[in-house]
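Please construct the entire structure, taking both the sequences and the accompanying hints into account.
Protein chains: 2
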Amino acid sequence: MRAILIQAKRFGFTPVRQEIKEAELTVKGEKVDIGRSLVVFLAVEEDDDEAKAVLMASQVASDAKEIGENKIVIYPFVHLTEKPLEPSKSIELIKKVATTLRGEGFEVRRAPFGWTKGFYIEVMSHPLAERGVRIREPPLEVQPGARSRQDRLKLA
Amino acid sequence: MRAILIQAKRFGFTPVRQEIKEAELTVKGEKVDIGRSLVVFLAVEEDDDEAKAVLMASQVASDAKEIGENKIVIYPFVHLTEKPLEPSKSIELIKKVATTLRGEGFEVRRAPFGWTKGFYIEVMSHPLAERGVRIREPPLEVQPGARSRQDRLKLA
Chain A
0 MRAILIQAKR
10 FGFTPVRQEI
20 KEAELTVKGE
30 KVDIGRSLVV
40 FLAVEEDDDE
50 AKAVLMASQV
60 ASDAKEIGEN
70 KIVIYPFVHL
80 TEKPLEPSKS
90 IELIKKVATT
100 LRGEGFEVRR
110 APFGWTKGFY
120 IEVMSHPLAE
130 RGVRIREPPL
140 EVQPGARSRQ
150 DRLKLA
Chain B
0 MRAILIQAKR
10 FGFTPVRQEI
20 KEAELTVKGE
30 KVDIGRSLVV
40 FLAVEEDDDE
50 AKAVLMASQV
60 ASDAKEIGEN
70 KIVIYPFVHL
80 TEKPLEPSKS
90 IELIKKVATT
100 LRGEGFEVRR
110 APFGWTKGFY
120 IEVMSHPLAE
130 RGVRIREPPL
140 EVQPGARSRQ
150 DRLKLA
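Chains A and B supply the protein sequences, listed in that same order.
Heads up: the first sequence begins at 0 in numbering that gives the first Met the number 0, then just goes up one per residue.
Heads up: the second sequence begins at 0 in numbering that gives the first Met the number 0, then just goes up one per residue.
It is worth saying that the hints were derived from the structure and are not from the lab.
Keep in mind that a hint or two might mislead.
For identical chains, the list gives no copy identity; a pair is met inside one copy or between any two copies.
[What the hints assert, rightly or not] List of simulated lysine to any residue pairs, SDA-like, C-alpha gap at most 25 Å: (1) 51 / 136; (2) 64 / 32; (3) 95 / 54; (4) 88 / 53.
So this is what it looks like as C-alpha cells:
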C-alpha cells in the first residue's frame, strides 16, 4: 500500500467518467470542494490486506495529529503502484483505511473509486506538508524523503 | 526512476525553504506560475543512471505528444520512492531528463531541487490526464492503472 500525504490549503474534485464496472456510485459532474484537509493519495497493491490497511490508517492518523489536521480525504490514486490489487478488493481496503480513521475521531471523506476525476490542490508551503508512505509487512517503512528531505533516512 | 505525469490546466510553485546543502540556487519566495503544462513529479532511485533518465524522457515525450502538450515541468518529488539516490547524483539525472526533452523540442522548466516548495495544480479532467511511470532495467514498465484505469494491464 502506497500513499502520498499532502496537507492542502484547498482541495476539490469532480468525477467526470466512470472507468470500470466496479466503480462506486457517485454524482457525475458534481464539484466537491473540501477546503483545508490532509489529502491521502492512495494506491492498494497486490499483496495488501486488512492489516496493512490498519497500519496505513495508523500512519495517516499519526501524520494528521502531527500537523493538527482533523479533516482527511482518501483519494484513490492507482498511479503510485505498478502492481495494483484488483478493484473490488482495493475498494474494501480503502474503506477499511477510512473507517479505521473515523474510529479514531477524524472527519473522513472518500473520493469515489473507479472514476476519472479532475482535481485541484493547493499545498501548504512548509516542510511537513508532503510525505510519502509505503506499508509492507515486514517491515513498516516510512519513506526517506518524508517531510521533503532527501537527506533524512528512516523515520520508522 | 518513478514519475507521476499530470496534465495541468494551471500549475505553479513557490520555493519556501532550502532543505539540503546540495539544493539548487533559486529565488526564495518567488511565485512561479506556469499555466497549462505536463507536470512530471519525479523521483530518482538508488539504481538509476543516465540510460534510465533517457528512457524516462522518452516516456514523457511520448505522453506529451499523445496529449498535445509542448510545455513540460520537471518537479522533483522524492516522496514517490523509499530508495532515493543521493541528492547530487539525483540532480544530474533530473537535468538529463530535462535536457533530453529540450533536445526533442519541448519547452522544459525545472522546479529547484532540495527546496520545500508550496505548489498548486489543477488537473485536466479526462482519462489521459494522469499517468504513473516507473523506469527500471530490464524491463521498461509503464504502470497498469496508467490512464486512470485499474483494469488495463501492460501498456509497454
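Check each numbered hint from earlier against the structure, then list the numbers of those it violates in ascending order.
Checked against the structure, no hint fails, so every one of them is satisfied.
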